[in-house]
Structure formats: C-alpha cells, structure tokens
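Could you put together the complete structure from these sequences and hints?
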Amino acid sequence: MKISFTPFIAIIAGAHAFAAETPGTQSLFNGKDLTGWTGDGYVVEDGAIVCTPEGKNLMTERTFSNYVLDFDFKLPEGGNNGLGIHYPGSGDGAYEGMELQILDNSASKYVDLKDTQFHGSLYLLAPAKKSGLKPVGEWNHEKVSVSGSGLTVELNGEIILRANLDDLATRNPDHKGVKRRAGRIAWLGHGDKVAFKNINITETAPVANTEGVMAAGFKRLFNGKNLDGWKHGNSPEWTVSNGILKHSGRKGEPADLWTEKEFGDCTLVFDWRWSAAGTMMGRPIVLPDGSEKTGKDGKPE
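Residue numbering for the sequence shown follows the numbering used here, beginning at 871 and increasing consecutively.
Quick caveat, the hints were computed from the structure, so don't treat them as lab data. What you are looking at is a predicted structure, and each value in this text was computed from that prediction instead of being measured. Please note that the accuracy of each hint is not assured.
What the hints assert, rightly or not - In silico DSS-like links for lysine-lysine, alpha-carbon gap of 30 Å or less:
(1) Lys979 - Lys1063
(2) Lys926 - Lys1000
(3) Lys902 - Lys1004
Given below as structure tokens:
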C-alpha cells in the first residue's frame, strides 16, 4: 500500500525544543528587542531594528523554506543593506545564501551599478525593475514571496522582480546559495543606518506533484485543512496553518498524533523540516500494538 502526506504537508517543530507558534502570519520582531534574532551591530530604536556602523549580519534563529515575508524599511541617503534568504548561518550571505538588494540606488556614488545591483535585485543573479522606491527618509513596504524555485518581490504595491531559482542555478553553477531551498532570513548590513519594522512572515506549504503521487496509487492522509483522520486527544499543540501540520514544541500529554486507520506494510511519503535547532532526544521503537519496545532492563530502547 502506498500512503502519501503530500501534496500539502511539511512537519515543522517535531522535537520538543522549539518555541510555540501561532497559526497564520507571525511577527518576527516584537518592536522592543532582538528576541528571535542573532548577530551583532544592530539595535532597536523607536520600534525598529536599526543597523549601526558596526552592523553586518543579523539573522533569525529559525529557518524557513516557503513563505511570504513582508516588512517596512527606511533608507538614509546612499544607504545599503540586504535581505538574505536561505542563508545557512555562516559565510557571505550573498553567496552562501542569496541577497535581495536594499539600496538607495539614486545616490551619486552608485552611478556605475550593474543591473543586478539595484534595489530589489537578486544580487548578481537577477535584475529588478528600477522603480517603486520612495524618497530617502520615508518608509517603504516590501513583500517577498518564496515558493520552491519561485521568487517574487513586491515594492510598495508594485512587483519589481520575478525569478526562477532553478533557472538561475543552471546559469550560475558556482553559486551555492541559489541552489538552497531553505535557510535563515537575515539583514546583511554594510554599516549604514537602515531601519526595519513590522516584520511578518506567513509560512506556506511546499510545492508538490499532486497529480503524480495520486496517479502512482498513493492515498492522501492529510487534507491540508484540519486534523480529520487523525487521533490527537484534543491536544492544542498540533495545528494546521496554510497547508502545514505543526507541533508547538511544548511538552505535555498527549504529544503524539496517530492515524485513525491502521496500516500494514506501506510506503509513506511526506515533506518535513526542522524550524530551528533542537536538542538531541531519543525516539521510541513502537510495536504493532502501540506500546514501546523495552530492553532487558525494562527501559525503552
């Protein structure tokens, strides 16, 4: 028998080490401090994250794969920063991950910019449309949508970039970051006083070959909407959001999720990922009757 969680599931925060999450859109910045972020050279001023002269990389503690990220930013004259996506957490964010330019490209010192260096461009990979930026000192709103190989950037309501990361990876075989499909979100500073606020993210389900898996004889176990077909003991820790099945990471009983139906030999297919670094923990060997296998000492193996 073939069983598939796809096309709508990515199991997130499966270990008990992660912070609780609220379904739907989440704030990545509380407006008070840098909780949830790691890095040096950034401060919080007037409810915004601000890059200082020492500012380089400030990244989320969590990793993300498919999502819609929106935020407000304000540039000083000649200001330069970047939005790092799929960043692994070390190395140059523009090459180990990818960098979307955040830049006052109207400044005279940038007169010789390449097309792939203007605001909104995927640095040295794909040029953005040269429009949409508000005057220096005003707040801009940007929305970045990432879904598999698809990337879209919207600036102040205008789409300025559409890119296919698979195509870019083929054309740029030596670029490590363009091959990645998950990582941290980061602000890639250059010492200019660029400010960010109202940083929100909505995670979305991974793109899957729906017709392919169903045609191959798989049965869907997860409908992408709710926990129908699953036993969860009314636990509030398991939730469904935007086609993703999540566990909050909080300890408590019941912690497990079981199918209502029983299955014998089968092929199970599903997408999953960690949403942050977790602690090592043992996983039980579960016997057909649902009990845990124990050793001679009576302790779980």
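Evaluated hints:
1. Lys979 - Lys1063: 17 Å, holds
2. Lys926 - Lys1000: 25 Å, holds
3. Lys902 - Lys1004: Roughly 26 Å between the alpha carbons, so the hint for Lys902 and Lys1004 holds.
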